[in-house]
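*Asks:* Residues per chain, in single letters:
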Amino acid sequence: GAGVSQTPSNKVTEKGKYVELRCDPISGHTALYWYRQSLGQGPEFLIYFQGTGAADDSGLPNDRFFAVRPEGSVSTLKIQRTERGDSAVYLCASSPWVTDTQYFGPGTRLTVL
Amino acid sequence: GENVEQHPSTLSVQEGDSAVIKCTYSDSASNYFPWYKQELGKRPQLIIDIRSNVGEKKDQRIAVTLNKTAKHFSLHITETQPEDSAVYFCAASFSGGYNKLIFGAGTRLAVHP
Chain B
1 GAGVSQTPSN KVTEKGKYVE LRCDPISGHT ALYWYRQSLG QGPEFLIYFQ
51 GTGAADDSGL PNDRFFAVRP EGSVSTLKIQ RTERGDSAVY LCASSPWVTD
101 TQYFGPGTRL TVL
Chain Y
114 GENVEQHPST LSVQEGDSAV IKCTYSDSAS NYFPWYKQEL GKRPQLIIDI
164 RSNVGEKKDQ RIAVTLNKTA KHFSLHITET QPEDSAVYFC AASFSGGYNK
214 LIFGAGTRLA VHP
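Residue numbers (this note's numbering), protein chains in the order written: chain B, 1 to 113; chain Y, 114 to 226.
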């Protein structure tokens with residue numbers, strides 16, 4: 001079946017702009033995660049959804065970052081007033097249930113100029 | 114705080130040799146330890162995982178061992194092949210009842226023909 005998909009694959013924006021990154025999890029997966037991966041580093045946890053609710057947003061760096069999952073499927077990560085330090089690959093993962101294997105999407109490479 | 118240390122950062126082996134990557138974690142409540150392989154520009158892909166009630170798990174040429182007392186776990190790849198060349202990440206889940214993964218910084222494995 002189809003894996004986790006993310007759009008866009010690449011996003012270039014200017015400092016101060018607003019961006020939205022989309023994640024389509026594997027159908028039926030209830031758990032959804034967002035991670036951020038900087039060059040040469042491992043993925044860094046941002047937020048976890050169980051169904052529609054954000055069960056843990058402790059990894060969001062500050063209040064410029066926000067994520068939603070209104071219908072318990074697709075999720076959108078929103079970044080306001082982007083800064084150059086936000087440049088990274090944003091990865092989404094989903095799992096059938098919270099204790100199951102996480103399957104990653106291909107990521108969105110965000111570049112803030 | 115939550116931390117996973119991974120060593121070595123780079124590893125170069127000859128085809129057919131074995132490769133070992135080691136990780137230590139800080140949270141004694143961690144109960145799930147996956148290993149991901151990431152090729153350049155691609156998504157992380159799970160290669161093997163282990164839960165805290167098991168000391169060792171093997172899948173063909175790949176094995177993982179877990180020492181809960183010492184809080185470390187290792188990946189072993191035998192009979193390495195050039196296609197094993199990639200970056201490998203270990204991760205540990207942290208307490209809270211869900212798989213919030215904390216990743217190591219990665220090991221770049223190069224297998225030379």
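Just so you know, these hints were derived from the structure itself, not from any lab.
For every residue, glycine included, the Cβ atom is placed at its ideal position computed from N, Cα and C.
Take these hints with a grain of salt, some might be off.
Claimed, not checked - Facing chain Y, according to a computed beta carbon distance under 10 Å, are these residues of chain B, among others:
(1) 86
(2) 93
(3) 104
*Asks:* Mind listing which of the numbered hints don't hold for this structure, in increasing order?
*Replies:* The structure breaks only hint 1.
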